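Protein sequence lines, in the order shown, are assigned to chains Y and R. Mapping of the first sequence onto numbering that gives the first Met the number 0: position 65 corresponds to residue 64, and the numbering continues sequentially without gaps. Mapping of the second sequence onto numbering that gives the first Met the number 0: position 114 corresponds to residue 113, and the numbering continues sequentially without gaps.
Hints listed in this document are in silico derivations from the structure and should not be mistaken for laboratory results. Treat the numbers as computed from the prediction; the structure is a model and nothing was measured. Among these hints, one or two may not hold up.
[Said to hold, decoys possible] Simulated pairs of lysine-lysine, DSS-like, Cα-Cα distance not exceeding 27 Å:
1. 144(R) - 133(Y)
2. 5(R) - 67(R)
3. 171(R) - 24(R)
4. 144(R) - 112(R)
5. 144(R) - 170(R)
6. 171(R) - 120(R)
7. 204(R) - 133(Y)
8. 133(Y) - 9(R)
9. 38(Y) - 133(Y)
10. 144(R) - 120(R)
11. 133(Y) - 170(R)
12. 8(R) - 204(R)
13. 171(R) - 104(R)
14. 5(R) - 104(R)
15. 38(Y) - 67(Y)
16. 133(Y) - 106(Y)
17. 67(R) - 133(Y)
18. 111(Y) - 67(R)
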Amino acid sequence: MDFVPLYLSIKLAVFSTVILIILSAPLAYLLVYFRFRGKSFLEALLNLPMVLPPTVLGFYLLVVMGPKGALGRIWETMTSSPLVFTFTGIVFASIVYSFPFAIQPMKTSFEKIDRRLLESAYVLGLSPLATFFKVIVPNALGGVAASAILVFVHTMGEFGVILMVGGSIPGETRVASIAIYEAVEALNYREAGMMCLILVPISYFFLLIINRLTRSKIYGS
Amino acid sequence: MGLRVKITKKLPHFELDVAFSCDEKNVLALVGPSGAGKTTIIRMIAGLTRPDSGMISYNDEVWFDGEKGIVRPPQERFLGFVFQDYMLFPHLNVFKNVAFAAESKDEVMRLLKLFDIWHLKDRRQHEISGGERQRCAICQALARKPRVLLLDEPFSALDANTRRNLRDELKKLRTQLAVPIIHVTHDIDEALFLADDVLPMVNGKIVRKWMLQFMLKERNTKKRPEDDFKYGFSRYHEFDRSVLYDSLGDEKWRI
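Given the sequences, and given the hints that come with them, work out the whole structure.
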């Protein structure tokens, strides 16, 4: 049995989760605590991947990230390698695709924090940035972990967007979900079944780890 | 010099318009029924709420000037603010809460011992009582070496016994703390007990001091002490509307 697709799936999920948590935490902070023009438009845009069919999102990403697309061209001049049909490309697509799943739980947990706690930090001399790291994040670890779980699991099960942007290049973009699909197409049910059987406990194991981590970090109440 | 406040702000039901000052080492109590705008005033002093116009200054330093558009952020005012329900950081223990703005660990130790909560230093807020939380919140505010200490209904969430003890302690500690205190309360006894100066407030305005005497007299005619002040204030409201507004003219809100 070929283990490379499984390895690729996990690698993709880890990359997407780490990058998305780093990106979406400040964004959620901005959306919850600051008022600015166009906020509702930005929010709707960030949530769009949740309602679009993955093929539609994948199609647009393919266009934008392709050699003639804006992002594809910038990427090529910077790194002199293409973005579509590469591992970097599917990481990028995954990030866009899972953005709503990262941002929603974090927003909810930020909203639960009493605003006067932040005011108390300000009066005690903390800048808004320091308050974010020293007060908001430690009191929203549950939400951050929930985001991480959702993004991880969501990315492990991703199919349509990856197929559109990454195709099925062995060792590069052929992740487990695509390998399973192809095995079934080729009537190789044994291979598909084996991979499914491995994928389930792996997902379960990761969920368990993150769950444990969350529980030990929740304070109060 | 001390703290000088002259501010206005339009609130949903009335316009807040006050002017007062608090000298060094003084304790000033803002006393009045809930919804009189007391908390809004200390929030404006702390820089958490913005006044519509006026001026707030401390010694030579201007914290807010409506005309010149000066607004100093709360971080630069060096204040202590004790919130009504404490607002301790739930993810930190007592020691770390107090150390949040403290200069040194020795200072934290000194404060925790002074307020007799040293033995609780490793506990989190949900593991200590209301009175202990309140002490911790006061220590936290004092650790910043504040130039003014603002207390928002500091004893309202405590039971009568704890309240009395903490109040007595705070009175004893007053001289050691050597910091001007603005104490917001709806309890006139509390105000009179701690403060050098009491400013009675109704509907966003500071009312004449003789009104306080009126309030006290009203209160003293009642038999059940716990109802006194409520009664005093409801009567005060009646009085306020029927007599004060009509009879005093322009002078009516001058202290």
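Hints, verified against the model:
Between residue 144(R) and residue 133(Y) the CA atoms are separated by roughly 21 Å; this keeps the pair inside 27 Å, and the hint holds. At most 27 Å may separate the alpha-carbon atoms for a hinted pair to count; residue 5(R) and residue 67(R) meet this at roughly 15 Å. Annotation: proposed proximity of residue 171(R) to residue 24(R) holds, straight-line Cα distance about 14 Å (limit 27 Å). The straight-line distance between the Cα atoms of residue 144(R) and residue 112(R) is roughly 17 Å, inside the 27 Å bound, and the hint therefore holds.
A threshold of 27 Å between alpha carbons decides the hint, and for residue 144(R) with residue 170(R) the separation of about 19 Å falls inside it, so the pair holds. Our distance criterion of 27 Å between C-alpha atoms is met by residue 171(R) and residue 120(R), whose separation comes to about 23 Å. Pair hint residue 204(R) plus residue 133(Y) does not hold up; C-alpha atoms about 38 Å apart against a cutoff of 27 Å. With a C-alpha separation of about 34 Å, the suggested pair residue 133(Y) and residue 9(R) falls outside the 27 Å cut-off, and the hint is violated.
With a C-alpha separation of about 25 Å, the suggested pairing of residue 38(Y) with residue 133(Y) holds against the 27 Å cut-off. Under the criterion of a C-alpha separation no larger than 27 Å, the hint pairing residue 144(R) with residue 120(R) is consistent with the structure, at around 20 Å. Proposed proximity of residue 133(Y) and residue 170(R) is contradicted: the alpha carbons are some 33 Å apart, above 27 Å. The suggested pairing of residue 8(R) with residue 204(R) holds, with an alpha-carbon distance near 11 Å, which does not exceed 27 Å.
Taking the CA atoms of residue 171(R) and residue 104(R), the gap is about 24 Å. The hint holds against a cut of 27 Å. Distance hint between residue 5(R) and residue 104(R) is unfulfilled; the C-alpha atoms sit about 38 Å from each other, more than 27 Å. At most 27 Å may separate the alpha-carbon atoms for a hinted pair to count; residue 38(Y) and residue 67(Y) exceed this at roughly 31 Å. For a cut-off of 27 Å, the pair hint linking residue 133(Y) to residue 106(Y) stands: about 17 Å separates their Cα positions.
A hinted pair counts as satisfied when its Cα atoms are at most 27 Å apart, and residue 67(R) with residue 133(Y) does not qualify at roughly 34 Å. For the suggested pair residue 111(Y) and residue 67(R), the alpha carbons sit about 37 Å apart, so the restraint of at most 27 Å is broken.
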